[in-house]
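Going line by line, the protein sequences match chains A and B.
So the first sequence is numbered by the numbering used here: it starts at 1 and just counts up by one.
So the second sequence is numbered by the numbering used here: it starts at 1 and just counts up by one.
By construction, these hints were calculated from the structure, which means they are not laboratory data.
Nothing here was measured: the structure is a model prediction, and the numbers come from that model.
Possibly wrong hints are sitting among the right ones.
Listed below are the simulated EDC-like cross-link pairs for lysine to aspartate or glutamate, each with C-alpha atoms no more than 20 Å apart in a straight line [as the list claims (entries may be wrong)]:
{"hint": "1", "chain 1": "A", "residue 1": "LYS68", "chain 2": "B", "residue 2": "ASP106"}
{"hint": "2", "chain 1": "B", "residue 1": "LYS60", "chain 2": "B", "residue 2": "ASP81"}
{"hint": "3", "chain 1": "B", "residue 1": "LYS60", "chain 2": "A", "residue 2": "GLU180"}
{"hint": "4", "chain 1": "A", "residue 1": "LYS212", "chain 2": "B", "residue 2": "GLU41"}
{"hint": "5", "chain 1": "A", "residue 1": "LYS68", "chain 2": "B", "residue 2": "GLU43"}
{"hint": "6", "chain 1": "B", "residue 1": "LYS32", "chain 2": "A", "residue 2": "GLU109"}
{"hint": "7", "chain 1": "B", "residue 1": "LYS32", "chain 2": "A", "residue 2": "GLU72"}
{"hint": "8", "chain 1": "A", "residue 1": "LYS208", "chain 2": "B", "residue 2": "GLU41"}
{"hint": "9", "chain 1": "A", "residue 1": "LYS205", "chain 2": "B", "residue 2": "GLU82"}
{"hint": "10", "chain 1": "B", "residue 1": "LYS60", "chain 2": "A", "residue 2": "GLU109"}
{"hint": "11", "chain 1": "A", "residue 1": "LYS68", "chain 2": "B", "residue 2": "GLU82"}
Examples of chain B residues toward chain A, derived with CB under 10 Å [said to hold, decoys possible]:
{"hint": "12", "residue": "VAL9"}
{"hint": "13", "residue": "ALA33"}
{"hint": "14", "residue": "LYS37"}
{"hint": "15", "residue": "PHE38"}
{"hint": "16", "residue": "ALA111"}
{"hint": "17", "residue": "GLN358"}
{"hint": "18", "residue": "LYS360"}
{"hint": "19", "residue": "GLU422"}
{"hint": "20", "residue": "LEU425"}
Glycine residues also receive a C-beta, built at the ideal position from the N, C-alpha and C atoms.
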Amino acid sequence: MGWLDFIFKKKDKAEFVQLYEEYSKEIIPAQRPISQLSFIVLDTETTGLNPEKAEMVSFGAVKITRSKIQVESAKEHYFDTSAKNQEALKVHGILYPQNPTKPEVFAKELLPFLHNHILVGHHIGFDLKVLGKFLAPFGLKKITNPVLDTQYLATRLEKGYHYDVGMGKPGEYTLDSLCERYGIQLDDRHTAAGDAFLTAQLLLKLLKKAEKIGIADYRTLMR
Amino acid sequence: MSNVIVNRVKEFLKNYPPFSFLTSTSLEEVAKAVDIKFYGEGEMLFERGEPAQDCFFILKEGSVSLYDLKEGRENIIEVCDEGDVFGVLALLGKRPYILNAKASEDALVYAVPVAIFEKLVQENSRVSLYFAAGFASGQVVIRNDLSQSQKARSVFNQGSEDNGLLIFTGQSDFNYSKEVLTCPESTGIQEAAFLMSKKGVGSIVIVNEHRHPLGILTDKDLRNRLVAAGLPYETPVVQLMSTPVMTKSPSADFSDLYLTMVKNRLHHLIFTEDGSSKSPVTGILSDHDILLSQGNSPAVLINALMNTWEVPAMAKIRNRAEYLLKYYLENEVSMDFVANIVSEINDIIIQKAVQISQKKLEELYPTIPAVKFCFVSLGSEGREEQLLRTDLDNALIFEDVPEAEFQSTQQYFLDLGAEVIEILLSCGFHPCPAKMMANNPKWCQPISIWKKYFSDWILTPNQEALMNATIFFDFRAIYGQKQLVQTLTDHIYNEIKGKSIFLNFLAKNALLNPPPLGFFRNFILEKSGEQKDKFDIKLRAMMPLADIARILVLSHKVVGINNTFKRFEKLAELEPNHEELLREAGKAYEILMRVRAIEGLKSQNSGRFISPENIGKLQRQLLKNTFYPIDELQKIIRVRYQLDYFGS
Numbered sequence: 001m002g003w004l005d006f007i008f009k010k011k012d013k014a015e016f017v018q019l020y021e022e023y024s025k026e027i028i029p030a031q032r033p034i035s036q037l038s039f040i041v042l043d044t045e046t047t048g049l050n051p052e053k054a055e056m057v058s059f060g061a062v063k064i065t066r067s068k069i070q071v072e073s074a075k076e077h078y079f080d081t082s083a084k085n086q087e088a089l090k091v092h093g094i095l096y097p098q099n100p101t102k103p104e105v106f107a108k109e110l111l112p113f114l115h116n117h118i119l120v121g122h123h124i125g126f127d128l129k130v131l132g133k134f135l136a137p138f139g140l141k142k143i144t145n146p147v148l149d150t151q152y153l154a155t156r157l158e159k160g161y162h163y164d165v166g167m168g169k170p171g172e173y174t175l176d177s178l179c180e181r182y183g184i185q186l187d188d189r190h191t192a193a194g195d196a197f198l199t200a201q202l203l204l205k206l207l208k209k210a211e212k213i214g215i216a217d218y219r220t221l222m223r
Numbered sequence: 001m002s003n004v005i006v007n008r009v010k011e012f013l014k015n016y017p018p019f020s021f022l023t024s025t026s027l028e029e030v031a032k033a034v035d036i037k038f039y040g041e042g043e044m045l046f047e048r049g050e051p052a053q054d055c056f057f058i059l060k061e062g063s064v065s066l067y068d069l070k071e072g073r074e075n076i077i078e079v080c081d082e083g084d085v086f087g088v089l090a091l092l093g094k095r096p097y098i099l100n101a102k103a104s105e106d107a108l109v110y111a112v113p114v115a116i117f118e119k120l121v122q123e124n125s126r127v128s129l130y131f132a133a134g135f136a137s138g139q140v141v142i143r144n145d146l147s148q149s150q151k152a153r154s155v156f157n158q159g160s161e162d163n164g165l166l167i168f169t170g171q172s173d174f175n176y177s178k179e180v181l182t183c184p185e186s187t188g189i190q191e192a193a194f195l196m197s198k199k200g201v202g203s204i205v206i207v208n209e210h211r212h213p214l215g216i217l218t219d220k221d222l223r224n225r226l227v228a229a230g231l232p233y234e235t236p237v238v239q240l241m242s243t244p245v246m247t248k249s250p251s252a253d254f255s256d257l258y259l260t261m262v263k264n265r266l267h268h269l270i271f272t273e274d275g276s277s278k279s280p281v282t283g284i285l286s287d288h289d290i291l292l293s294q295g296n297s298p299a300v301l302i303n304a305l306m307n308t309w310e311v312p313a314m315a316k317i318r319n320r321a322e323y324l325l326k327y328y329l330e331n332e333v334s335m336d337f338v339a340n341i342v343s344e345i346n347d348i349i350i351q352k353a354v355q356i357s358q359k360k361l362e363e364l365y366p367t368i369p370a371v372k373f374c375f376v377s378l379g380s381e382g383r384e385e386q387l388l389r390t391d392l393d394n395a396l397i398f399e400d401v402p403e404a405e406f407q408s409t410q411q412y413f414l415d416l417g418a419e420v421i422e423i424l425l426s427c428g429f430h431p432c433p434a435k436m437m438a439n440n441p442k443w444c445q446p447i448s449i450w451k452k453y454f455s456d457w458i459l460t461p462n463q464e465a466l467m468n469a470t471i472f473f474d475f476r477a478i479y480g481q482k483q484l485v486q487t488l489t490d491h492i493y494n495e496i497k498g499k500s501i502f503l504n505f506l507a508k509n510a511l512l513n514p515p516p517l518g519f520f521r522n523f524i525l526e527k528s529g530e531q532k533d534k535f536d537i538k539l540r541a542m543m544p545l546a547d548i549a550r551i552l553v554l555s556h557k558v559v560g561i562n563n564t565f566k567r568f569e570k571l572a573e574l575e576p577n578h579e580e581l582l583r584e585a586g587k588a589y590e591i592l593m594r595v596r597a598i599e600g601l602k603s604q605n606s607g608r609f610i611s612p613e614n615i616g617k618l619q620r621q622l623l624k625n626t627f628y629p630i631d632e633l634q635k636i637i638r639v640r641y642q643l644d645y646f647g648s
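The following block holds chain A by itself, in its conformation from the complex (with noise of 0.2 Å):
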């Protein structure tokens, strides 16, 4: 190892991160059918609204598969956090989780999980920058992955492409009422796997409903 190497040390790409991207060059084909598509439909729960702050609390995900939800995909897991978050943490009510994850073990679990599918979420944004800063210390620059966010595609089939959710009325595309007008009973929420099952199921009735407007296949969806 070369002096230089040594200041500036690379951070070590785990294998599992290096098999995740090997992964990620595989394109899904444009013209595949939705129910063909593979979806992971995932929320965190945080100790803040700051992505660049807050630390993971709890990860919930699971698996859609030919338009099913794969309950035996299920995931849920609760983290440690730092003293200094304990106290956001009352929102939730999980003051000091049983049986945390480690993060390591999370990691190696989550990535072979992510593999190529297309990841859902509501507000999938934030979701997405909580769990890059979790697994950048592993050697991870970016997830690679499809994204698809509810809110947009809801909007999207209520409203159409160019629609402004701040110019509604607020709350109108909050996953409380998508899950009130869509009929999904409201269980479990704020736990990320409680969150995590209603966006799969809202995503469910989502794409049944973009089927009958003519999104057929992966390229018009994620137009």
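Starting from the known structure of chain A, fit chain B onto it as the hints suggest.
Chain B only, in chain A's frame:
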């Protein structure tokens, strides 16, 4: 680790029988295995005659109606409500559905895999009793509340009595044989077999002097109880027949007959004058008759395929074909026929897929290149041997175009290939892991490049070239300009003519897989990995035969025969001195195809890996017998192509 999502499913299930009888641990196991699906109003969950899925359903939200068609009109039999369990025929030996199920409102449905539930049914007597009661009354829906069920029925099934079977309404249209082959109890087994073979039937009914049925003997019994048991041919039929027999009156309700067969796992049901076994035989109803009555004959399926442009409908028909395949395999229908039917169905699906894709691209492309092309199948589908929907291997050949147009032309055909592949995946085929498919730029090329590919493989037979050769030399035109394929075939024979050394390389490659039996006549099993202690029937037994058939066919310049077993038959004509061995090799290949397909259907995979201890002594012996020609042929190849002197 329990988690919120599994718990949510569990909380729902535990309110409804039969799930309410389960312990918390068992229930959790079931909840974990559930798939959740949403059906929009008007969407079908399953249709009459379709093979049962590997799950049954419980309705979470919305409503699902079960109906049959009466003179083209929907006749609603049941409307399912939250918590109702339906589609339970899947639990009974995977028989096809007898009703249509449609979401009459948006419906959220939990699908419970049969495999996990079967285990619980055995463990928990209350659960099995619950289902048994349901089946006994012929219910299609297992109601969560009886009084509600009575109510629902009286609303939706006015006029019909509540004690009958609800699955079928009235006499159904089915045909059965009224001419039954019978013999007296004193008959010897060989004579009985002779009578069956003379009449061309698979069963014989043993009767007493009043023609009252005593027992039945089938093809299978001859194999399992006579040959396998090593009994003499003089054994009296009464010693081998199945007895007592189930009898019914031909005027019985079809649903009654059907359920009797299903519940008792019968392949044949005997009709007598008054329905009891103490009355003369009047007819016999077989599995096959039922299959036909459900519209699962090859002609019906092919006709249905020709008449649809909907991918989901094509997928369903392909699933039905699998049911047909299973029936054929169980009943030892000739492999030639089976392979022909399945290849025909696959071919039509591919042809349709190309046409559908062309139509779709018409809208997307302002100008479609006026270039002729041919969509070809490779590998096992190219050889018309793909019984199960295993990996796709295909390619696209188009005419040569001026260089300026090459890029746009190739782009169009790549898009076409991609559309076709997506349709085929939707129909249940699997992608080729090595990406030998028409959506790969390398395998979507003009004829001049294809000629060059083959020339290169023939002139420089390195490891990769030989690997490609084993797949690409079995190409077969499926759709488009067949002349392109003919041109390519001519080119190949021209190239090989001068370079016979290529065949030596190909021959050497064919012997890379050692004979399937070890020194002690044991199966050579996989030594490690996921398939440890399993026998790789494709690599060890089928590929060596397919490879040898290919080399010999190439050396004799035979054109247009792709089936490995037909190739061997042709070769037997061409090489009279090895006639017997070559014919045996063909037979061996047929047996291997059958064994693999049965294994694949049984374990819902490619059937490639077989556990020798799980297949029974007879099958094991049968398999071993197929290896003998492999060994002999490899010896011949070694001598003919002088491989012992051929440097590596």
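Do the hints match the structure? See the list:
no.	hint	result
1	LYS68(A) with ASP106(B)	15 Å, holds
2	LYS60(B) with ASP81(B)	8 Å, holds
3	LYS60(B) with GLU180(A)	17 Å, holds
4	LYS212(A) with GLU41(B)	11 Å, holds
5	LYS68(A) with GLU43(B)	15 Å, holds
6	LYS32(B) with GLU109(A)	18 Å, holds
7	LYS32(B) with GLU72(A)	5 Å, holds
8	LYS208(A) with GLU41(B)	10 Å, holds
9	LYS205(A) with GLU82(B)	18 Å, holds
10	LYS60(B) with GLU109(A)	31 Å, violated
11	LYS68(A) with GLU82(B)	19 Å, holds
12	VAL9	5 Å, holds
13	ALA33	6 Å, holds
14	LYS37	5 Å, holds
15	PHE38	4 Å, holds
16	ALA111	7 Å, holds
17	GLN358	13 Å, violated
18	LYS360	8 Å, holds
19	GLU422	5 Å, holds
20	LEU425	6 Å, holds
Hints 10, 17, counting from the list given before, are not met by this structure.
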